[in-house]
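K.L.:
Residues per chain are reported as follows:
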Amino acid sequence: MFSHRLILLATPRQIGVLDWRPGRMHWLGEFAADTAGLAAFRQIVVKHAQLPMLLVADTVDEDYRSEILPHVQGHARAELLARKLKQVFRNARFTGAWRQTRETAGRRDDRYLLAAFTDADWLTPWLSVLHRERVPLSGITPLAMACQQLLSKLRAQEPHTLLACRLNNSLRLSYYHNGLLRFSRLIGSDTPTQLPGNVADEIAKTQLYLAGQRILPREARLHVLLLDPSGQLDSAQAPLNADPAFSARLIDMPSLARALRIPDDFLAATPEVAPLAAIAGEAVQLNLAPPELLQRHTEFRWRRSLNLAAGITAAIGLTLTATYWLHAQDLRDQALQIQSEVQRGDARHAAIVRNFPALATRPDQLGLTLALATQLNRAPLDVNALLIPLGQALSAHPEVVVKALTLQDTADGTADITLEARLSDFDGNYRAAMSRIDRFVARLAATPGVASVERLTSPVDTASTATLTGKTTGENAPEETRFSLSLQVRT
Amino acid sequence: MTRPPLASLKTSMLLLLAAVLMAAAGIFWSHQQDTEARAALQAQQTALHAAHARQEQGRTEARLIAQHIDAYHALIARGFVGEENRLAWIEAVHLANRDARLYGLTYTLSPRTVAPATLAGGLPLKQTRMVVKMPLLVETDLPRFLDALRARTPGVFRVSRCRLARITDTPPQPVNRPELDAECELLWFTVAADGKEAK
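Chains as they are written, first to last, in our numbering: chain A, 1 to 491; chain B, 1 to 199.
Note that these hints are calculated values from the structure, not bench results.
Ideal Cβ positions, reconstructed from N, Cα and C, are used throughout, including at glycine.
It is possible that part of the hints are untrue.
Part of the chain A face toward chain B, derived, beta carbon under 10 Å [what the hints assert, rightly or not]: (1) S305; (2) A314; (3) T323; (4) A328; (5) L336; (6) I352; (7) V353; (8) G391; (9) L405.
Work out the full structure, taking the sequences as your base and the hints as a guide.
P.N.:
Listed below in structure tokens is the structure:
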């Protein structure tokens with residue numbers, strides 16, 4: 001789509017139009033340089049005004065100069081070339097320079113080919129049509145440049161090649177050094193070139209001219225390629241090959257069609273499309289169009305670039321949007337599937353719960369409640385078990401009279417027993433009484449199951465921190481021997 | 001490439017601008033959609049995990065119910081679950097006193113309070129303090145009374161404290177006359193429930 005273009009082959013007598021796109025081309029016809037031809041050409045141009053067009057000119061009024069200029073770049077190069085073109089071709093309107101290569105020795109200057117149409121008034125009517133119809137003209141280039149692309153397609157490897165091409169009853173001789181155009185001339189139809197000998201003579205004269213101008217080295221052997229769809233140049237091959245300075249070869253139509261990838265019959269019907277098809281897909285290297293004629297094409301390229309950028313942006317946006325959206329749809333589908341799975345799970349749960357009996361507590365507390373009941377049913381304060389060791393100790397000490405007994409559950413696996421007692425008889429000997437109580441305490445402490453025994457009160461508190469009162473009147477009462485103990489018993 | 005007048009490129013620039021805006025809007029919108037869908041999916045996955053957990057919990061609870069329901073009903077019948085059954089407790093201490101062939105008793109029931117958390121184990125366990133006072137002939141009457149109470153009562157109780165005190169300071173006489181005063185503090189336990197069945 002972006003390479004679709006029209007290639008115009010203009011001669012002073014006519015103009016041919018090739019509708020070209022990669023892999024497909026269509027010859028739109030030839031239009032004579034008269035009023036009718038211009039009108040018909042205009043119709044064609046109007047129809048394809050949106051396409052870029054390249055004008056290939058085939059004229060005798062052309063001039064080529066090889067120049068070696070200092071290597072400069074950018075604006076300096078543009079100014080240098082403008083000055084040089086002005087100097088060489090003076091007031092010619094259609095001029096151009098092509099930087100072909102760079103010298104490998106010395107200052108490493110640039111080698112340029114300067115070219116111009118010295119008389120291009122015949123182009124004006126055609127260009128006027130293009131200008132009026134605002135056609136994006138991409139360039140104006142000589143036919144020899146198109147032939148250079150033709151040589152490239154034919155894979156001509158020889159360093160010194162002369163292409164003799166007979167089209168539109170004219171013979172064009174173009175010299176290429178290492179595949180790059182150095183010189184070209186057109187011998188018009190009014191020149192008697194029909195005779196093979198004359199063609200060979202013209203080629204020989206051209207060779208002499210090129211050698212004389214030091215364009216072609218004298219000792220170089222010139223490889224001549226003869227291209228003539230009508231076959232009139234075939235007979236020039238033998239005389240040329242007879243001269244050791246030449247080696248001539250014919251280019252047959254099938255080989256050319258194959259190289260250009262166009263049908264044989266199409267090429268046979270319109271042989272002039274050969275150089276046009278060769279240059280159609282290539283960039284214009286030698287452009288002779290003045291800048292004002294290229295303005296539309298500049299706009300066209302900018303517009304096309306912007307439109308391309310818009311298209312790419314839209315495509316990227318669309319692709320990303322579609323990707324995100326499709327991904328979102330996929331996630332939504334997954335969410336819906338999970339949602340239905342959740343609903344099914346909830347329904348199953350509801351079915352399970354529906355069969356639950358009415359409970360006063362949560363189901364997970366059933367087991368806890370049962371365990372708690374079991375735990376509480378175990379009596380930590382087994383009174384009978386507590387009384388047995390106490391009874392054994394009391395049996396061993398009949399002088400101890402129990403006044404009160406308090407059993408207390410401490411809920412940590414032990415029970416507290418507070419024992420209040422007195423001795424059954426007392427003779428006033430507190431030392432002996434304390435000794436009996438001590439033995440009773442020792443007996444209790446040694447009883448299995450008793451963790452500890454602590455004396456809370458004694459008949460006589462001999463602690464240095466306590467206040468001790470008493471009397472020694474000789475009257476003794478058993479109540480004076482009251483004491484209390486605290487026992488910790490394992491349950 | 002020489003730059004042409006902007007006016008000649010106005011349409012193309014507008015086209016590019018429109019493409020950029022539409023692409024940005026489309027990407028933004030679809031990205032929002034994607035983010036929302038991702039969040040919705042996340043929420044559904046969370047809901048699914050919760051549903052699986054509920055389902056598993058339901059199965060576990062069904063197993064627990066099947067395993068414990070009979071014993072639990074028995075506890076309800078005993079009065080351990082639900083409101084306190086003071087009449088049954090009073091009857092129980094009375095009958096236990098009679099079974100132990102003792103000489104009567106006096107009791108005091110305090111208002112129901114919350115049991116210590118260390119004992120409750122997370123359950124709404126309540127406790128009711130009952131102080132029982134009775135005369136005894138000998139010390140061994142007390143364990144006999146408590147054993148008889150355990151045999152009689154349907155409820156769950158614990159003996160918190162017991163005090164035995166001699167009534168007189170005279171030596172024991174071989175007559176059938178109580179010489180000891182016993183005072184016991186019993187804790188009756190109940191698990192509060194708000195279900196119909198417990199009421």
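K.L.:
Next, verify each hint and record whether it holds.
P.N.:
Status of the hints after comparison with the structure:
1. Below 10 Å, beta-carbon pairs count as interface contacts, and S305 (chain A) has one with chain B at about 8 Å; its hint therefore holds.
2. A distance limit of 10 Å between C-beta atoms decides the matter here; for A314 (chain A) the minimum to chain B is near 4 Å, and the interface restraint holds.
3. Among the interface hints, the one on T323 (chain A) holds; its C-beta lies about 8 Å from the nearest C-beta in chain B, closer than the 10 Å criterion.
4. For the restraint placing A328 (chain A) at the interface with chain B, the shortest Cβ-Cβ distance is roughly 4 Å, inside the 10 Å limit, so the hint holds.
5. Hint status for L336 (chain A) relative to chain B: holds, with the closest Cβ pair at about 8 Å, below 10 Å.
6. A least Cβ separation of about 4 Å between I352 (chain A) and chain B falls short of the 10 Å threshold, and the interface hint therefore holds.
7. Against a cut-off of 10 Å between C-beta atoms, the interface hint on V353 (chain A) holds, since the closest Cβ of chain B lies about 6 Å away.
8. A hinted interface residue such as G391 (chain A) counts as satisfied when its beta carbon comes closer than 10 Å to some beta carbon of chain B; here the least separation is about 8 Å, so the hint holds.
9. With 10 Å as the threshold, the beta carbon of L405 (chain A) comes within range of chain B, its nearest partner Cβ sitting at about 4 Å, so the hint holds.
Going down the numbered hints, you'll see the structure goes against none, and every one checks out.
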